[in-house]
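Residue numbers (the working numbering), protein chains in the order written: chain A, 1 to 547; chain B, 548 to 644; chain C, 645 to 962; chain D, 963 to 1171.
Don't take every hint at face value.
Claimed, not checked - Computed cross-link-like contacts, PhoX-like style, restricted to lysine-lysine with a CA-CA straight-line distance of at most 20 Å:
1) D:974 with A:512
2) A:483 with A:105
3) A:507 with D:1075
To be verified - Computed Cβ-Cβ distance ranges for the label pairs, DEER-style:
4) B:597 with C:924: 14 to 24 Å
5) D:1083 with A:8: 52 to 62 Å
6) B:563 with C:725: 56 to 66 Å
7) A:54 with C:899: 53 to 63 Å
8) C:755 with A:475: 42 to 52 Å
9) A:10 with D:1123: 35 to 45 Å
Since the hints were derived computationally from the structure, they do not count as laboratory data.
Source: prediction; values computed, not measured.
Built from N, CA and C at the ideal position, the CB exists for glycine as well.
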Amino acid sequence: MTASYLTEETSIGSWLLTTDHKRIAILYALGITAFFFLGGAAATVIRLQLLSPNGHLVSAGAYNRLFTLHGVVMVWFFLVPAIPTTLGNFLLPLMIGADDVAFPKLNLFSWYLFLAGGLLTVLSLVAGGVDTGWTFYTPYSTLYSNSNVMLAAMGVFVVGFSSIVTGVNFIATVHMLRAPGMTWFRLPLFVWSIYATSLVMVLATPVLAISLLLVIAERVLGLPIFDPRFGGDPLMFQHLFWFYSHPAVYIMVLPAMGVVSEIIAAQARRKVFGYAFMVYAIMGIAVIGFLVWGHHMFTAGMSPYASLVFSFLSFIVAVPSAIKVFNWTATLYRGQIAFDAPMLYALGFLGLFTLGGLTGLFLASIPIDVHVTDTTFIVAHFHYIMVGGTVSAFFGGLHFWWPKITGRLYSEFWARTAAIIMFCGFNFTFFPMFIMGYLGMPRRYYHYPAQFQPYHVMASCGAVVLAVAYLAPLVYLGWSLFKGPRAGANPWDATGLEWTTPSPPAKQNFAKTPTVTSEPYLYHEDGRTHGDPRSLKPHRRQDEPAE
Amino acid sequence: MKISDRDREIILVPVLVWIGLMVALAVTVTYAFWPHAPVKVEVALVIAAIKAALIAIVYMRLSRSPPLLRLAAVAAFLWLLMLFGLTFADYLTRAPG
Amino acid sequence: MNPFSRLFSAEASTGAARTDAIFVGVLAFSVVILLVVLVLVVGFAAIYRRGSKARRGDLPAWVSREVEIGWTAATLFIALFIFWWASSAQFSQWTAPPGALEIHVVGRQWMWKVQHPSGAREINMLHAPLGVPVRLVMTSQDVIHSFYVPAFRMKQDVLPGRYTETWFKALRPGTYDLYCSEYCGLDHSAMTGHVVIMAPADYARWARAQPDGDSLATQGQATFVSLGCSGCHGVEAKVAAPPLTGVYGRRVALADGRRVTADETYLRDAILDPAKNRVAGYAPAMPSYQGVASEEDTVALVAYLKSLSAPPATEAAR
Amino acid sequence: MTRAALLHEPFKNIPREQEAFLLGLWSFLASEALFFGALFLGYAVVRHLHIAGFDEGARHTNAVFGTANTAVLLTSSLTMAVAERAALADRARLARIMLAATLLLGLTFLVIKGFEYREDLEEHLMPGHQFAIPLRGAVLFFSFYWVMTGVHALHLTVGLGVVGRLFGLSLGRRLLENRASIQTTTLYWHLVDLIWVVLFPLFYLVARG
Ligand code: HEA
Ligand code: HEA
Ligand code: CUA
Ligand SMILES: [Cu+2]
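With the sequences and hints as input, model every part of the structure.
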């Protein structure tokens, strides 16, 4: 057996100075895992504190720092980079038949930026934390907060720059390095989704950078940019912030949609239904997503006419998401559906994203939003999409490509069990928040009126279940690294160039540049067989090594 | 010394554009300081736009770039339009005062 | 009371019932859509599980581009319908009906200060009459807060440096929770209070019984003198300053050519930021009272200036 | 060194690699456009809210410095454009001279800007307790003035770095091989110039005469 990208060189230096996209993906994965558990630890303390209406597990100031840390870390250091920089980095070149991303050194540089941003943020934590909420609203963040706003904002600024660099890299890669015959409409949907995500990263992130820069300028140099005493307008900050942060939610969900498309097609052994529409939907979400940011400001003191426009556009942006949901559903029709762990995660995504997305429609309706904005209803909405949706999809993708990345097979039993526990624990944690949110429970509340306690207790119990489900993969995936059976090149019998390479791939992805001659997802041949099981590949993945 | 085609491309075109830019600069400064001239801000911005376009199209070679690169430039412009358009949808329709 | 027994907390204002109706409507749509998706997914998953005997093969002819366009159009239609329904309900209700009782709210870390037209003041409490539209004119002394009364389904951010407003018409007497729902620092979760809705006669009695005495406008009149406004705007003033009788609601021509209607925000700006709207035909002599007049002074001054317009808007409701 | 040696992984041919560099850079420029665009937006919004104060502030900047700097920067764009065209046409000497000129002009800009900043500070135009203009809004004008010119100067400094690198290569006679670097550096320099062209009227011209 020839050396894989993992074994070719093994020194620490060969990792830290690598320009191999696959190794960089691993580096990112390590960082992201650390941040996920850091954010998760904060969530754990939040949930413990909220067990009782006026508990004193932590102080009010510490509570505020905890949810800020949780939001900042989970959004910028976990979910925004999660799929693009790990699965995206690993798979993008493989899927389009390239040997690496367009600018390999820049790719490594981007990881160091990520690391630097992360260190700054951790530093702000060590130095006492930040208490502004992940939204950094002025004038609280500029004039009133006594916490380390500057360090944290700089951390986010730097990691934003890392985002931009990664986006630029991926855009150039998709445009310039597709293998011969890999036309745009032969690209796997995952590639499309990463491409769309990159566009959003490149065009939205600079605006976040500016909004944070202005906050820093006001705090450090005393320039009264948002200071109402001097006529500055705090709402301007909100416009700038949400111009980034709404598109950013699509940075967080588009790659997940890509992952799910791959998994569902492979597990249902069916061509993705309405491929072209899926592509239009991805691009539509990416572009229209830039036009709806004002829906975070319905009660902020914005002009009612602007609210109307933003509400309208928010309903429009829901339509491409609907197209995707229906197409995934239709892909199942007449399939040969297997229920391996990745599929369980993908189906979990489908349900939870739909529910979370539909509650987005509630929020886009102005009268409802006036009532529920800044309540736990919002908290539930975005956890449904981001945790129920994207994190599930991330886990699905991780399991799906685990054999490719590591060359090992994980325990299917434990993986399915974890998937199911995760789904249950998730609903248990966050569904109560919809109810108490509609009853009026404000978010970011350290103490709360006693009538909400039953819901909070439910949520906290659910969170325990959820924590177990998130810790489990650490164990069984870790175990598989050493003891798992070796994986063949294509354990799922899936289409896609990445499966034509050995598992794990060699350092140079393709000994010979592949030529593409057909559309993606040609699973139909199986499906044609009118349910005759004999012509099928074995039910589960093939566990024997290929070579 | 006679000007070859190459020199024309290398030197003449950039110099002509530079002359255009300097003239525009002179015009915009003069107009700005002209007492009581109307629509000053608008004129200044239009001239700035012309200068920016000259730089982008000739110096940055948008006129000869592959469509893809032009698309990137156009995208930047469109996205700026969204940013300004919708933000001012708020500010211009706020209650008077 | 058992909180599981009902999804809705009390609907205590006209707006509450409206919001709940829209909520239930959107909920119905969503449940149907969610059920359709779930039934299809689970159904397909069961029928087409790997190895089942169900018919496979190419898709039937009717499943094609048209289906795709069909459900896109249907979704668009539903989305637009919900938008239209929710927004039209909201838009007709955006501003308070004329003649609403006007109560001023000033938020600060971490309390609510309320000033009634009668001059009564209270903290973390808002007494208001039943069945009368109440308009809240609000501002903040420091950071952004948000005035939230779940029972009214009503919320409005309260911003430093400007007025925001909202309104309600209470339908049921009682005491309701008031929260600050925009994160505002350490004691954000302690910035709560109560709204007490009482019969109009009781409200009038309550207001009279408050020790603060003078009405807000009268307090404003005193401030008008003590801050020296009357030195310029008074009858015998030597400075040429616009007369302020009837200023509220007037169309004012400004020096830069704009014409605006003098509302509360305009009056507030005139006091705190006169450079913003210079009145045409006068020297720009009006000084800024930023830092001199507190938010409460300003509220009183604005109330006084409004009382100079006949008929005083606040009088009708009383 | 031969041209072929310049082909980097993962590219298979040079024209594609070149175009990839250009596309990458243009994407980055689009990002930069939104970066400054957000600042322009801030300026526009606050000016909309405080026209009088903004215009008063704008009368306090020094239009002589501003105009001189615009001329300097436009000229540097000329020299940079010539440098690029010369390098691509294999005229190393001309390219080297023009790169040096660009560096000098860029430095001149920073020096002039330095003098201007000093004067601004002496006139108490830095927002703070001693700020010179009492009119409301003026202090916001100057907040944007400092941030935007500062961020621009930072970009220019980075530009000097990358142009300096090219100049270094040209000294080592290795300039002509680095076509991608030449083109991307030129684009970046022009963008920095372009942004100044828009900044200039906003800070120096809007309320004169
Ligand atoms: C990945 C993250 C993500 C995603 C994808 C979304 C998607 C959507 N979001 Fe969400 N949102 C957040 C993350 C996300 N959101 C976060 C983090 C916040 C809070 C930030 C904070 O304040 O801290 C927030 C807040 C938020 C608000 C502001 C609430 C407030 O603070 O007052 C609004 C308001 O309109 C909103 C709307 C929407 C809409 C309409 C969509 C749509 O894109 C959803 C589209 C999907 C569907 C609609 C489901 C599938 C469709 C069908 C099954 C067909 C049926 C559909 C129709 C009939 C139209 N979101
Ligand atoms: C983007 C991704 C993301 C993710 C993945 C999560 C994951 C979770 N979040 Fe998240 N959350 C946000 C994004 C995210 N959140 C954002 C943006 C906010 C808004 C912040 C703000 O208001 O500013 C928020 C706010 C928020 C709140 C509201 C706080 C408030 O308003 O007062 C709550 C409350 O329950 C909560 C809970 C949870 C829980 C239980 C999880 C769980 O899914 C987490 C599960 C994971 C684990 C439990 C990890 C397991 C590891 C361990 C258990 C190790 C423990 C180790 C030690 C304790 C040493 N979150
Ligand atoms: Cu005041 Cu929160
Ligand atoms: Cu949003």
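Checked hints:
1. D:974 with A:512: Status holds; Cα separation ~12 Å.
2. A:483 with A:105: 34 Å, violated
3. A:507 with D:1075: 50 Å, violated
4. B:597 with C:924: 14 to 24 Å: 35 Å, violated
5. D:1083 with A:8: 52 to 62 Å: For residue 1083 (chain D) and residue 8 (chain A) the Cβ distance comes to about 57 Å; the hint holds.
6. B:563 with C:725: 56 to 66 Å: Distance hint for residue 563 (chain B), residue 725 (chain C) holds at roughly 59 Å.
7. A:54 with C:899: 53 to 63 Å: Holds, since residue 54 (chain A) and residue 899 (chain C) (Cβ atoms, about 56 Å apart) stay within the stated range.
8. C:755 with A:475: 42 to 52 Å: 50 Å, holds
9. A:10 with D:1123: 35 to 45 Å: 36 Å, holds
In summary, the numbered hints that this structure violates are 2, 3 and 4.
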